[in-house]
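**Student:** Add chain B with the ligands to chain A, keeping to what the hints say.
Protein chains in written order, with the working numbering: chain A, 1 to 327; chain B, 1001 to 1279.
Because the hints were derived from the structure by calculation, they are not lab data.
Some hints could be false.
[Unchecked claim] When the alpha-carbon atoms are kept at most 20 Å apart in a straight line, the in silico DMTMM-like pairs for lysine to aspartate or glutamate are as follows:
id, chain 1, residue 1, chain 2, residue 2
1, B, K1260, A, D20
2, A, K181, A, E301
3, B, K1260, A, E50
4, A, K181, A, D165
As a plain string of letters, each chain reads:
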Amino acid sequence: MAGASSALQSRRPIGQATRDAFGRALEALGAEYPDVVVVDADVSNSTRTEWFGKKFPDRFFNIGIAESNLVGIAGGLASCGKTPVIASFAAFIMCNAYDQLRMAVAYPGLNVKVVGSHAGISIGEDGASQMGIEDVSLACSLPGFVVLVTADEASTRAATRALLDHKGPVYLRTGRPDVPKVYPDDAPAPFVIGKANQLRDGSDLTIVANGLMVASALDAAEELSSSGIQARVLDMHTVKPIDREALLAAAKETGALVVAEEHLAHGGLGSAVAMTLAEQHPVPIRFVNLGDTFGESGTPEGLLEKYGLTAAKVAEAARSAVAAKSA
Amino acid sequence: MSETIDALKQRAKAIRVDILRSTTEAGSGHPSSSMSAAEVVTALYFGGFMNYDVKNPRWPDRDRFILSKGHAAPVLYAAMAEAGYFPKEELLTLRKLGSPLEGHPNMVRLGGVEASTGSLGQGLSIGVGHALAARVDGKGYHTYVLTGDGELGEGQIWEAAASAAKYGLDNLTCIVDRNHFQQTGAAEEVLNMDPIDGKFTAFGWHTQVINGNDMGEVMAALGRARQVKGRPTCIVALTHKGQGMLKLLETLGDTNYHGKPIKPADLDAAIAEVEAGGS
Ligand SMILES: Cc1ncc(C[n+]2csc(CCOP(=O)(O)OP(=O)(O)O)c2C)c(N)n1
Ligand SMILES: [Mg+2]
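Pulled out of the complex, with its shape left as it was, chain A reads as follows (with noise of 0.2 Å):
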């Protein structure tokens, strides 16, 4: 399935859903870290927060469906030495509640961990209101705010345990349906807030991406390789803090990059690369998103494939890319 295959249809093995790895993540970190509190608004069944909730049934509360309310309790809740971590739809939390992030959480910088499942067009058939794909974006634009992204299940575990040690506001975005896998089972994988993870070497551009884009970006690298580009993968888990001297080296050292991300093309992952290499390093950059629409209802696979988020597209933009450098 070389070529056409969606950024669900890698050829490494589906591993859980990153909602699930978080889901799980957090259901076993609840012992270890007590002050962490949960706080649902009717979707914990979608967010997998229930899993915490049904374990650890004094620090879980259901709110109902009232996003703003819910992240108004987190500023409270965090303001009295909680860890609030609170979960709903990407688009529901960060675009219901953006005030309330700006004013209960970002602006007096309280320790509140947001998690923002369903995002992306991955989600498929339930369509353009249910999908987060301006959460980034929203999410970096918060002062303060960490900015998560993760590629796979084994990722999504240790970023898990890193944004409740890390003390501050955090944004997590999850996904709904099952993805490849980018990190081995048999060790924890390797995560660092505000530090990339090179999964591959190559000397003729990098492609540098996260969430589902990931895996996609390492099938590419390997068709980029059988017609002779060599591209370094980098998997950016963290949008914000960028990792600076990650994207230096990647520019320095192979010359042209590649963005790619399931997100809108303004205020994303993109935004974050170029702004970075414009000041500091400037070479040819070509982004691979989802521009500047809503998405629709459709298979996931459909909508990836339609949206431009396979390997093929990837390894499109990286050959233009390298192309650029001689130009």
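**Tutor:** Frame of chain A, contents of chain B with the ligands only:
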């Protein structure tokens, strides 16, 4: 073009069958959330309360129906197909790539859909906007908004309720589909909003509490709402989530059955139960 109660009941059955067929074919969706509202939506479209022109969906004088609980799109689409907005076969394209029948209503792609919904809590405010526009334009159309009961947890609903009362919008009716469930459980347990009528009354609305799965009661309540002057009306429609296939849901051990289609193997049983159903 009001129909007899018996004819309306037949319509509601046909709509329920279409809800079941379209969501099972789609392999996803919210049949139970759609079926609780079948009487209300049938009465609005075929009971003589709404004037509309399927050939000219944006006719400025049309009466409006806003599905605030957008995940119940299949009941809206089934009623629209019955009314002739598009051929019934198109119902089987629900949720498929390229179909205007998206998982949640999209007013740009499907004429006759009044608001793009799916993020709960927003439809009543949009309805207030339509009702205010009617006043500005001196038009006589009426705006109906259907919300869920879980949806009442959204604060925006109550902001809208206050503004509708402030402007005395007697051209606005909000129907609450009180089906006693929301996504994660019983609505009364997740967030008890009782008394729902008492809250709307306190905000200055005219309120009624009815059996929302009884066609006669729904027709009477909508009729009374049109007579009220100087205040908006809220009809709390007491319903059952999945009305029409409650026995099947009981055997399946899930009387909420939120957000999932009936499996192909159970479809015939579900349709048979709808067709045998009294109301
Ligand atoms: C703002 C927002 N939050 C959460 C959701 C997810 N969601 C979809 S349906 C639903 C439950 C709705 O319950 P209710 O309003 O009672 O409608 P019912 O399905 O029972 O008819 C939830 C939480 C949503 N669509 N919008
Ligand atoms: Mg309900």
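**Student:** Against this structure, judge whether each hint is valid.
**Tutor:** Going down the list of hints, with the structure as the test:
no.	hint	in the structure
1	B:K1260 / A:D20	19 Å, holds
2	A:K181 / A:E301	17 Å, holds
3	B:K1260 / A:E50	18 Å, holds
4	A:K181 / A:D165	24 Å, violated
The structure is inconsistent with hint 4 alone, although it conforms to all the rest.
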